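> Please work from the sequences and hints to get the whole structure.
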Amino acid sequence: MEETKELYEVLGLPVDATAEQIKDAYYRLSKLFHPDRHNLEQKVVAEQKFQRVQAAYEVLSDPIKRQIYDKYGMKGLKVDWDIGPAGQSAEELQQTIREQLQAKESQSLDSLIQNRTETNVMINATPLFAKNLRVRNPLALGMASTRELTLLERFSLVQWISYHLKTSFSIPLITSKNSKLPIPKFFQSSSEDDEFSDHIDDGETVNGSTRLIFISEASAKLGARAQPSLSAVLRHQVSPRLSTETGLSLLRPGVATLKAVYAINNETFVIPMVRMASYKRPPQATVVVGRQISRYGTLSIRWKTGSWSLGNWGAAYPPNNASSFSLIWQQLKPSPDDPFPLLKWNAELTAGLMYSGIACNYNLSTLGPYQMQCGTSLSTVGGLQVTADANRKVFRHSAMGMTIAVAVPSGAITLNISWSRLGQKFSFPIMWSGAFDRSSIFWGLVLPIGTVLGVDNFFLRPRRISESKRRRALRLQQHKKIHETKKEEAEQIVALMKELVQKKQKVEADKGGLVIEYAEYRTIPKNSVLRRQKEHAIKQDVTIPIASLVDDSRLVIPSSVSKSSIVGIYPLFSDDDKELLIVYKFHQQSHRVLLREKQGVLLPNRGMFI
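Anchor point for the sequence shown: position 107 equals 107 in the UniProt record's numbering, and the numbering is continuous, going up by one each time.
Just so you know, not all the hints are guaranteed correct.
[Claimed, not checked] As a list, the in silico DSSO-like pairs of lysine-lysine whose alpha-carbon atoms are at most 27 Å apart:
| id | residue 1 | residue 2 |
| --- | --- | --- |
| 1 | Lys71 | Lys333 |
| 2 | Lys43 | Lys425 |
| 3 | Lys498 | Lys43 |
| 4 | Lys75 | Lys393 |
| 5 | Lys504 | Lys585 |
| 6 | Lys31 | Lys503 |
| 7 | Lys487 | Lys504 |
| 8 | Lys506 | Lys526 |
I should point out that these hints are in silico values taken from the structure, not numbers from a laboratory. All figures in this text were calculated on a predicted structure; none of them were measured in a lab.
Rendered as structure tokens:
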């Protein structure tokens, strides 16, 4: 990350510099750039350089600030951190900083996307492959005759069967900088019917200690009336370990919900929820208890009461949601690009009066740009079902996904195509085939996969390439501006230090010490002919910057220091290899040494490299 090198370059140090090296560089540069040591014409520039050196030293000399800067750059220093108690180890400090920055980045994005919309349209496409789908043939004379439907006629029978729209809008009422859900980060919801999460989307994060969420839903089925719904949820964080949610449906039939999330410790949590649809019958309850069993493994237990009665209370209502008991195991895996682990696989075993089954999902390794997942489930309601899911990021904030579910042994195929961008998501579940058929299986796989890949390769990919070229050209333009800025700054620094360095070199010459006669920073052309001619190389006279490093007849350039990061040297605008030529005199004898970009040296030392 170039941003995390800037302060080191101000002091001319490598990123692994010791505290002693930082202190020495600060004292040396403070003497060179102190405004009192320069004339009136140079005092303004010297003051600017002196303040930059002080600012860099202030950050790099503080262990906590330096660790934040090394990990997150300048943006990390602008965050109001709550580091916690003193005496933390480096690992504990880094974990604290990582968690807080992750939360703050999520909050920043969440503050920009207060509105979330989810649209789901289910389509019945089974007439495309249905067998024995025939109509009467009016051309047959004097006899009853039928014929098969043409492909165009089959397409005319494809229609939508259900539509669901869900929109949520969140308003922070009371903000708190330390607000976050108390559920440990090793737990991720793994069930599709988690009743305790009905009113809060997984994408919604805490952005304050009190938050009001309005949720509007509308469902429609073919030939039936639309069913609108409007509810409000008040989420409040009572303490760092306890969060509560209270929900109320604002339209009939009224439904009230109460949910709490309590972290007993860093390994154990409890989530109770109560849902009441009518005062004429007892409320339904769901309780989830989870505990981290291993470093990346979590075991959860979920119990649902379903509909029940207490004496005459609720006896008039037939049970429509039987109780169930579930065991859920979730296995995570570490991620090299994310501070938090990712889901590797999960398994769920459910036993109930109306529904019993087992389900397992496994996240495959990333296949190119695609995130792959496969799963299977066996239940008393849906039988055996096998699913395969693929998602990929098509643009910076956009993702496309496709899920194929096949019922065994019937062979019924359901295809779900989705598109999401920030807080908006569109899903199109398509009932492709109702029974096993080679034609439907073939077209149910080849057609949708081919369509998605075709759209991705022939429409989205050219746009991504064009966008990549545009960003590359923009970066090149920015690099040119940065190069010109650094060149101007380096020339100003050389002008400031020239007189002082020349005085130091005169002292070295008088005592027969180390005198830098000439130093040149230049490119090495890749073409062998141009390399021999030398005149095609880009050159920079760096005699003064190199001479400024001489201290008590010694010159030390660590191997970890890029030559362009030495104070007074600017980067050469070329991707060719670079080298540094130093011609020096020691004890009245001339020597020369040639260094590559990451090659260190100790002078005088008969040209021996370190």
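> If a hint holds in the structure, say so; if it doesn't, say that too.
Status of each hint after checking the structure:
Restraint check for Lys71 and Lys333: the C-alpha separation of about 22 Å stays at or below 27 Å, so the hint holds. Taking the CA atoms of Lys43 and Lys425, the gap is about 58 Å. The hint is violated against a cut of 27 Å. In summary, the hint linking Lys498 to Lys43 is supported, as the alpha carbons are separated by about 14 Å, within the 27 Å threshold. Our distance criterion of 27 Å between C-alpha atoms is met by Lys75 and Lys393, whose separation comes to about 26 Å.
With a CA separation close to 14 Å, the supplied pair Lys504 and Lys585 stays within the 27 Å bound. For the proposed pair Lys31 and Lys503, the alpha carbon gap of about 13 Å is at most 27 Å, so the pair holds. For the given pair, Lys487 sits about 24 Å from Lys504 by alpha-carbon distance, which is consistent with the 27 Å threshold. Distance hint between Lys506 and Lys526 is unfulfilled; the C-alpha atoms sit about 39 Å from each other, more than 27 Å.
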